[in-house]
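Listed here are the chains, written in short residue letters.
There are 2 protein chains.
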Amino acid sequence: MTPFKLTDELLLEIEALIENQQNSKLESLLEEVHYADVAEIINELNEQDATYLIKLLDSDKTSDILTEINEDIRESILNNLSAKEIAGELEELDTDDAADIVGELPKEMINEVISEIEDREHAKDIVELLRYDENSAGGLMAKELVKVRESWNILTCVKEMRAQAENVTRVHSIYVVDDDDKLKGRLSLKDLLTTSTKSHIRDVYIPKVDSVSVNEDPEEVAKIMSKYDLEAIPVVDEMGRLVGRITIDDIVDVIKEEAEKDYQMAAGISQDVEADDSIWDLTKARLPWLFLGLVGGVGAAAIMGGFEDMISKHAILFFFTPLIAAMAGNVGVQSSAIIVQGLANDDLKGGVANRLIKEMLLAALNGLILAAVLLIFTWIYKGDFLTALAISISLVAVIIVAGLIGTFIPLFLDKRGIDPAIATGPFITTSNDIFGILIYFSIAKLLLGI
Amino acid sequence: MTPFKLTDELLLEIEALIENQQNSKLESLLEEVHYADVAEIINELNEQDATYLIKLLDSDKTSDILTEINEDIRESILNNLSAKEIAGELEELDTDDAADIVGELPKEMINEVISEIEDREHAKDIVELLRYDENSAGGLMAKELVKVRESWNILTCVKEMRAQAENVTRVHSIYVVDDDDKLKGRLSLKDLLTTSTKSHIRDVYIPKVDSVSVNEDPEEVAKIMSKYDLEAIPVVDEMGRLVGRITIDDIVDVIKEEAEKDYQMAAGISQDVEADDSIWDLTKARLPWLFLGLVGGVGAAAIMGGFEDMISKHAILFFFTPLIAAMAGNVGVQSSAIIVQGLANDDLKGGVANRLIKEMLLAALNGLILAAVLLIFTWIYKGDFLTALAISISLVAVIIVAGLIGTFIPLFLDKRGIDPAIATGPFITTSNDIFGILIYFSIAKLLLGI
Numbered sequence: 008m009t010p011f012k013l014t015d016e017l018l019l020e021i022e023a024l025i026e027n028q029q030n031s032k033l034e035s036l037l038e039e040v041h042y043a044d045v046a047e048i049i050n051e052l053n054e055q056d057a058t059y060l061i062k063l064l065d066s067d068k069t070s071d072i073l074t075e076i077n078e079d080i081r082e083s084i085l086n087n088l089s090a091k092e093i094a095g096e097l098e099e100l101d102t103d104d105a106a107d108i109v110g111e112l113p114k115e116m117i118n119e120v121i122s123e124i125e126d127r128e129h130a131k132d133i134v135e136l137l138r139y140d141e142n143s144a145g146g147l148m149a150k151e152l153v154k155v156r157e158s159w160n161i162l163t164c165v166k167e168m169r170a171q172a173e174n175v176t177r178v179h180s181i182y183v184v185d186d187d188d189k190l191k192g193r194l195s196l197k198d199l200l201t202t203s204t205k206s207h208i209r210d211v212y213i214p215k216v217d218s219v220s221v222n223e224d225p226e227e228v229a230k231i232m233s234k235y236d237l238e239a240i241p242v243v244d245e246m247g248r249l250v251g252r253i254t255i256d257d258i259v260d261v262i263k264e265e266a267e268k269d270y271q272m273a274a275g276i277s278q279d280v281e282a283d284d285s286i287w288d289l290t291k292a293r294l295p296w297l298f299l300g301l302v303g304g305v306g307a308a309a310i311m312g313g314f315e316d317m318i319s320k321h322a323i324l325f326f327f328t329p330l331i332a333a334m335a336g337n338v339g340v341q342s343s344a345i346i347v348q349g350l351a352n353d354d355l356k357g358g359v360a361n362r363l364i365k366e367m368l369l370a371a372l373n374g375l376i377l378a379a380v381l382l383i384f385t386w387i388y389k390g391d392f393l394t395a396l397a398i399s400i401s402l403v404a405v406i407i408v409a410g411l412i413g414t415f416i417p418l419f420l421d422k423r424g425i426d427p428a429i430a431t432g433p434f435i436t437t438s439n440d441i442f443g444i445l446i447y448f449s450i451a452k453l454l455l456g457i
Numbered sequence: 008m009t010p011f012k013l014t015d016e017l018l019l020e021i022e023a024l025i026e027n028q029q030n031s032k033l034e035s036l037l038e039e040v041h042y043a044d045v046a047e048i049i050n051e052l053n054e055q056d057a058t059y060l061i062k063l064l065d066s067d068k069t070s071d072i073l074t075e076i077n078e079d080i081r082e083s084i085l086n087n088l089s090a091k092e093i094a095g096e097l098e099e100l101d102t103d104d105a106a107d108i109v110g111e112l113p114k115e116m117i118n119e120v121i122s123e124i125e126d127r128e129h130a131k132d133i134v135e136l137l138r139y140d141e142n143s144a145g146g147l148m149a150k151e152l153v154k155v156r157e158s159w160n161i162l163t164c165v166k167e168m169r170a171q172a173e174n175v176t177r178v179h180s181i182y183v184v185d186d187d188d189k190l191k192g193r194l195s196l197k198d199l200l201t202t203s204t205k206s207h208i209r210d211v212y213i214p215k216v217d218s219v220s221v222n223e224d225p226e227e228v229a230k231i232m233s234k235y236d237l238e239a240i241p242v243v244d245e246m247g248r249l250v251g252r253i254t255i256d257d258i259v260d261v262i263k264e265e266a267e268k269d270y271q272m273a274a275g276i277s278q279d280v281e282a283d284d285s286i287w288d289l290t291k292a293r294l295p296w297l298f299l300g301l302v303g304g305v306g307a308a309a310i311m312g313g314f315e316d317m318i319s320k321h322a323i324l325f326f327f328t329p330l331i332a333a334m335a336g337n338v339g340v341q342s343s344a345i346i347v348q349g350l351a352n353d354d355l356k357g358g359v360a361n362r363l364i365k366e367m368l369l370a371a372l373n374g375l376i377l378a379a380v381l382l383i384f385t386w387i388y389k390g391d392f393l394t395a396l397a398i399s400i401s402l403v404a405v406i407i408v409a410g411l412i413g414t415f416i417p418l419f420l421d422k423r424g425i426d427p428a429i430a431t432g433p434f435i436t437t438s439n440d441i442f443g444i445l446i447y448f449s450i451a452k453l454l455l456g457i
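Protein chains in written order, with our numbering: chain A, 8 to 457; chain B, 8 to 457.
Extracted from the complex, chain A is given alone in its bound form (with noise of 0.2 Å):
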């Protein structure tokens, strides 16, 4: 398979062929294209033409484009299609997505195009998810599953399923229920090939099947189902009946989201964006962190300022405080990200105390190193012994702390229930630059005896 690759050359050719209202050949040429890659090309298209391409197309690819086009222009497209229109969308998509897109429609739309669903199934289907809290298993869940009752022998189950699978795009798993819809386990498909048809389902299904409250947090299904290796999972509401399901594939969205949302906090990005947004959208994620550094740096120049005794006799100190900084920030960084990845996969053991212990340890072997090679370098570089012997130590004491300080603020942020992902970017190393440039002239001051 070679992936397909969108082109300048291809992007120009479609948008003249829209100029042109050639309907045939536009069909022709993305017949063959796979929908995600239709999302691409329509994700670089004005809003004319992607509105022109989606009334073109047919409604069951234009669905499955929908889905995977970027919010902001589904949104201009959405607003140029008519209520009945939408409705043909959504009747092609499965309930998880059609719900999402439902979601994204201005209120007054809403009530119009879920009266323009023909299926009126599908439509109560829609209605019941949107109740649901986007971040729950309840919002990430589809209604399409194959469901059978324990009551039934395999013949019936046979005949019930072709009838269901019509609208499961996938058949992960049967599940079996009792006549109060109440999640009893499963049946394989395997199962089903090599049963007699006349066995009842209650003598041949397993009754052991993992699933997840609708309430359950999307990020706790992610790690249940990447655990167990499931490929689906069954959501179950407060009475423990059958809901809903979800499949891995929106769970590996839940996993690349976390992770990029963990990687942009950890660079001081405080909001989802992405290198196109607008520069004001792009402002807002980065300006407050900034407006933390602003601070803390200011909080340092203060630290400063009140040793501004020491400048004239050892000014050599003051060329060190970026070194200084940086090395708190870095090593703060360091600890916390070990942290915050060890909370995310659930493998830290053992208490606080243990792990501070450990830290310290590291960041005093880590700390003497690198203050050892600092100590020739500066002692050769200024012939002074006493001072260069000063910053080192200083810089083993400033790496403990910060080790220390990085290693902590996670752990704590954690015990309080707040994502300490948040604890790794910006706000670590600011701490860490005040608490650095304090210690580092504090004990200067102590060694040179000013």
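Heads up, a few of these hints could be off.
If chains are identical, the list can't say which one is meant, so a pair holds when it fits in one copy or spans any two.
Stated by the list, open to error - Simulated crosslink set (EDC-like; lysine to aspartate or glutamate; CA at most 16 Å straight-line):
id: 1; residue 1: Lys230; residue 2: Glu264
id: 2; residue 1: Lys12; residue 2: Asp353
id: 3; residue 1: Lys215; residue 2: Glu38
id: 4; residue 1: Lys263; residue 2: Glu226
id: 5; residue 1: Lys263; residue 2: Glu227
Source of the hints: derived by calculation from the structure; they are not laboratory data.
Guided by the hints, dock chain B onto chain A, whose structure is given.
For chain B alone, coordinates are given in the frame of chain A:
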């Protein structure tokens, strides 16, 4: 489902049961526990206890446990097992997991273990998988799949499938091959359920099937599978022959590892380490980046030394160096992180020049806002407008240059085929520190006229 939670009590109970060799109690205690959870337990046991448990439990469970436990514990357990025992475990595993374990065995052990595997087909498949580069689609794929020939009819197909399905945990797709084993297309389970048994495969299969080459990069496979929402993808060799398949659960691991690697690189951790690794391993991963920071700091000190003549009249300039360094570092990390993520998601459109212009505008906007705040503050605080102005103007210049460096370096590295993620860590912070301080003092000197 209440997720399993490993408690200290449970661990103590299991250790006591192992101590007293109460095998039947152990077996009944662990019978209902999922293998991924038993793996968590074993990760906490010492070598003897872990080996004891593996030898005690059923090999269809222990084989799965072995794939889930930490690598170092697996190594010591395997050291305590005979070739025959290891072969017994491999027998139960899918070929991809089995090959991964064989790949970790000492060289002299491999032949013996392979010769002890009773199912010779399985052994052959494992040996074939050992040939592939770990970091390729071939190294990720399993040999377990269901394939049918286009010349068969549905009835033969169902019969063959039943036999093949015995060895395949999850049937995702039925692949259709010609007599030379070349991949021709696929057959959906749904089609199979709804087509007459006399039809020929040739007439009903879907000739369009996505596939990847054995040599494809795992990250590329992950992109394809998540873009096209695939749960399994067939792998073909250089002749187009079907040689294996990759399932989405392997891809989830690739995505997670990739995200962790980027995050660690951004935090200045150069090897894949975890919080529970030894102090020595953690030092190896952390010290090189700290050393880079040290060199940068010494560079910054040298630059400041060059401006020493300004210290008597404008000591305040020196107090603001940590602020300048922090702002340069933060802006650099922010802009590089956005580029790195854009590159990773393949959604950077437009040329390098456009990116740089946009970042310049963005940095100028952020810089002006921050500089205005700083100007007012420093002016009130120190009463010297000219110095305050000089610091603020320098800050704007520093932020713009830092943003440009942060944008350019990852784009440059990516063009050169180097992982751009290395640019979002101490590397960018350090270079921005140096450039920032140089620009700051140069502009200040110019404006203050000394």
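Enumerated hints in conflict with the structure, sorted upward: none
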